[in-house]
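For chain A, the structure is supplied; the task is to place chains B, C and D on it using the hints.
Chains as they are written, first to last, in our numbering: chain A, 1 to 383; chain B, 1 to 383; chain C, 1 to 295; chain D, 1 to 295.
Where hints are given, some of them may not hold.
Unchecked claim - Each computed DSS-like pair below joins lysine-lysine, with the alpha-carbon atoms no more than 27 Å apart: (1) D:120 <-> B:334; (2) B:273 <-> C:120; (3) D:120 <-> A:273; (4) B:381 <-> A:381; (5) A:273 <-> B:334.
Hint data in this document are derived by calculation from the structure and do not stem from the laboratory.
Residues per chain are reported as follows:
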Amino acid sequence: MDISFSAQETRFREECRDWLHANVPCEKRPLDPTEALPFDKAWQRTLYDAGWAGISWPKEYGGRGLSLIQQIIWLEEYARAGAPWIGANFVGINHGGPTLIMNASEAQKSFHLPRILRAEEIWCQGFSEPGAGSDLAGIKTRGRVEGDELVINGSKIWTSFAHVADWQELVLRTEEGSLRHKGLSWVICDMHAPGITIRPIRLMSGEAELAQVFYDDVRIPLANVVGGLGEGWRVAMSTLSFERGTGFIADQVKHAITVARLIDDASASGAIKNDQIAGELAQLRAEVAALRAMTYRNISEVVRTGQPGPEASVIRLFTSELGQRIDRLAVRLKGQDILDFSYGDRDDTQEYLRHYAATIAGGSAQIQRDIIGERMLGLPKSR
Amino acid sequence: MDISFSAQETRFREECRDWLHANVPCEKRPLDPTEALPFDKAWQRTLYDAGWAGISWPKEYGGRGLSLIQQIIWLEEYARAGAPWIGANFVGINHGGPTLIMNASEAQKSFHLPRILRAEEIWCQGFSEPGAGSDLAGIKTRGRVEGDELVINGSKIWTSFAHVADWQELVLRTEEGSLRHKGLSWVICDMHAPGITIRPIRLMSGEAELAQVFYDDVRIPLANVVGGLGEGWRVAMSTLSFERGTGFIADQVKHAITVARLIDDASASGAIKNDQIAGELAQLRAEVAALRAMTYRNISEVVRTGQPGPEASVIRLFTSELGQRIDRLAVRLKGQDILDFSYGDRDDTQEYLRHYAATIAGGSAQIQRDIIGERMLGLPKSR
Amino acid sequence: MDLAPNTDQIAYQTATADWCRDNMPLDQARNRPAGLWKQLAEMGWTGMTSPEMGLNHATEALVFAELGRFLAPVGLLSTAVAARWVGGDAKVALAIPGDGKLRLFDAEDTTAALGIWNGKAGLTMVPGTIEPRPGLDLSASLSVIDLDLIPNPLEDPRAVHHLQLLAAAYAVGCADAARDMAASYAKIREQFERPIGWFQAIKHICADTAVRCAVARSQLYYAACALDAGDAEAAFHIAAAKRLADQAALENARANIQVHGGIGMTDDATPHLCLKRAHLLSFIAPVTTADLLKG
Amino acid sequence: MDLAPNTDQIAYQTATADWCRDNMPLDQARNRPAGLWKQLAEMGWTGMTSPEMGLNHATEALVFAELGRFLAPVGLLSTAVAARWVGGDAKVALAIPGDGKLRLFDAEDTTAALGIWNGKAGLTMVPGTIEPRPGLDLSASLSVIDLDLIPNPLEDPRAVHHLQLLAAAYAVGCADAARDMAASYAKIREQFERPIGWFQAIKHICADTAVRCAVARSQLYYAACALDAGDAEAAFHIAAAKRLADQAALENARANIQVHGGIGMTDDATPHLCLKRAHLLSFIAPVTTADLLKG
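The shape of chain A in the complex, shown without the other chains (with noise of 0.2 Å):
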């Protein structure tokens, strides 16, 4: 066990530290979706013509295919600099890409991934359902199979940049009465197709960056099936092996970086003289580390083992209710000034309206914790 990089990694988190205190604009991402993509795709095209995209990606496709320590020494000082969001790129490069790695034809990745790191494609996400929360095998929304093509009909929620994405990375029910996990299938939707319509939700923090996506009829080829028809779960399910645990990574580093300006502000402000926010200021700061750890701990066991540990499924939980408990303690000490907020405020009241999400959205709290019990610790299944 040993916490020092090697010479190699230190020039490299030199590397990007130079390159990002150059070049990071001085200009905020816009709040709205609309106004932000053109900000988001010039941003992430900087990102590739430098190298800095794609990090861990294989090379064939455009990526550096470095190894995963350089990718977190990346994710952390991007979260540092305090680089931009990559705003409407989240999905293909998180999520829709990393999935398209592991699982699609050569046809397929060779087209879409270099397009998403250069950001010509920009892709968003369509797993959820209303009906079909926290229980992600509750999936009604289903796709016939007429000849070459899926007739799809239903409708997705809590997609983001729906109104601004040219693909969907969308699970759907492609085998009639099929049950939970089996008969689903991962496919590549074009959003631009007919039939599609798009409700934009408005969150309680002022962001109106999510939409409900209805089909109707919607025409896709099969040739767009990602993983073979019926292999949507084992599909979704997949990209979580390939993040092994980067995925929280910028929540990390941005926790930390709040609790020292909390500490700094209480400092100057003399609130940190009440016993109590010096207690939980300190606590927090001694959370954070852990979280450093406990992430550091993770990725040491992928590089030894290829497999995250046992701990991994804590990452997840932890960094949400760690996150939320800076943000209250943030709050709190903002006073009455929280009382000011108005939608299109960017400021720490928005920051804890939105983190509210942070133990419903991808798996609740209490389905995590069913997770860690029955995974980590084999008590029975409840489920």
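Here is chains B, C and D on its own, set in the frame of chain A:
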């Protein structure tokens, strides 16, 4: 709504206070249950002779037949005066007796009730079993009818004062093959009957007041069944409505006294200058006040309607968890002194260790939350 | 001693709840019709606390908990306190001073605002130039003034307790609303082929909302009665009621959002209205640690 | 960067756990045989931290977490720190000074005790007249001396961090033991005709024990490596590890008792051994808020 007591009630409170002031013994109640027995009997006899036993019990069985409010006034003043716990008389006075009043035959009542009030009989409880703790309906101890007797085999656990008790309120399965709540009977079991073996259980706080009781062909007359064969569940549940929210008054007053003492001590020691400590004490003081208000509200509901209000089920859970929060702060304030604790000590550490039972005994906190969710909010039953 | 509402009080409660349900539903809290205040005045809600009405604080607490359950305008709180300690039933804005600023809520068509300055209730003039805008709590318009106007203090020290009590009642109502919303949703929303309220994880979140409501409401009743009785510890009991009610409102709002899942995060749904209201209430006549350790 | 144990380290871990399981089972913690310390010395556990053994702190942390999992004597902590910074492998009692008293643990057959005085590690003489008795933690004998003996301070400031680190490792092991005990019991104990671990209420209590272990153990590894690397923030990382490990040990012990129900309350059962050990560990080289805000 009104918090003032009537002139008559205020006079009654003064009478209670005066008598207690003059008569509460200086010596501490011994911790060992066998040593404590003569103390408990003498004190109960003193109470009885002065007219303070069975305040709300019917006059014809030796009680005072007074109002529920007066009962509460007595319990409050009793706890405030630091009067000794009634110890070995607890089950007879607070549980066995009330159950007999609600369910027993005239012969059973006129035999047992006066003896309970005069401490001529000591009672113990026989509900829980090694395999049936939270799940009371899982009782396996069985009684086979033979002629005019029940022949009892099985085992009960968590029985307080088993080794000094004369009688036991015993719930067992009298209908072979019956399931869950059906086929149970509530029986007055003679603890001196042949075939009974008692194994004491020491707790992690050092007390050895509890025991496991084994029944090996123990013969009890059928005449000792209360409320009819097979009516055991109904009889056992009926006690709850007799208690009508008075069961926790002693704990509540003790909580209030403890919090006041912790505030005084922390003020004297300067610990209260720590904002965290002060904040926690302030919170506990508010909660202790609310607990009294909630109890008063529930009692008012009983006086008005004859039934406890829907919030009655909250009182048990809140009392137990609040008590644990208080104890935890108490031992934190003691600091290193907690390390000196040894079995036999009677201090905050012993209380703290003892009170782990509060969220377990008599229905775990988990079961209480199920009940609140299902009965107060109408959520679907999980079990 | 009687901490259960009597027949008259139950009638007030029921009448309030019925009127609110028909005329001021919670899901319209962010979008109240322009004429609402006139309606409130006509129905007598704005003047019911004036001395000549003879309502005791216990009954007020019951009525304001019902108003709070429907997220009635916070301006009713300041108006009610002014009605009792100044007189009349004119609309009075709610003032929250602090950090060299003055925040006014529901200040449209008012000339005065009531708030707490250094532990004392006071009235201040509302400048003619304010420009109300939406704030965190979408049910209340906000006007921020960048200096702290000097108030005229109210003489009776009980005015502070009155505002605390009524704000606590609003918070209890807000906590009730969140509890009921969560339980209702848990009964109808299905996941894994069962209502989510079947799962202990959700059931226990809901149970805890019920515990917080029971605790806070009980202390509210006690505090109101203590104020009515001139009890020596009334100030402590009101502070305790306010603290527990604020906590119940905030924690129940959070629980309600979690129970609602994704829907609970959306602007269209109602759970966030309770959350934002809870935050606002916590700044109205807030309680300090010292308030709870006194007496 | 590598925070997973390497092959050698895993061998140390396994050997320690195997030896403990056979020779020092947790359920005998309150009743260790008189010859245990001799056995520990013979096996080399008492001297393994001495400089000539060349073990790094990371490996020590792994080994002490295993020892802690079996509630090994707390005297091993003081002995290990003395072995490194004073030399030798003689048994050294653990000292906890405070409130004008000195508490000595495992002081039988010792002449010196090691503890922290005003933030500095020191050694003090053990008087010949002590009368060890059982204290809260039944696995450690206690001798209370009613004056605070003057210690000889150890020169190297790292001795404090070393004691904190090893005590944190013990606490991580203690938390692990409680987690495993709770999960095992939840699998076999049935209520309502199901293993209680099937119920979400119990399952989630168990899941939280696993979260606390993962968090505390991760930070323990990082802290040990930071001390090995002479990292500028090592003191903070060790303080964070100690705080999180103490919390994990205490909270997991509580969770384990709750999962065990009535049985968990009894003196015969093992859950209370973890609880009492957790309390004792929290007073060994404790961490302050300032320690966590520094650096």
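Each hint tested on the structure:
1. D:120 <-> B:334: 23 Å, holds
2. B:273 <-> C:120: Holds, because 25 Å separates the two Cα atoms, which is no more than 27 Å.
3. D:120 <-> A:273: 25 Å, holds
4. B:381 <-> A:381: Status holds; Cα separation ~19 Å.
5. A:273 <-> B:334: 24 Å, holds
Checked against the numbered hints listed earlier, the structure breaks none of them; every hint is satisfied.
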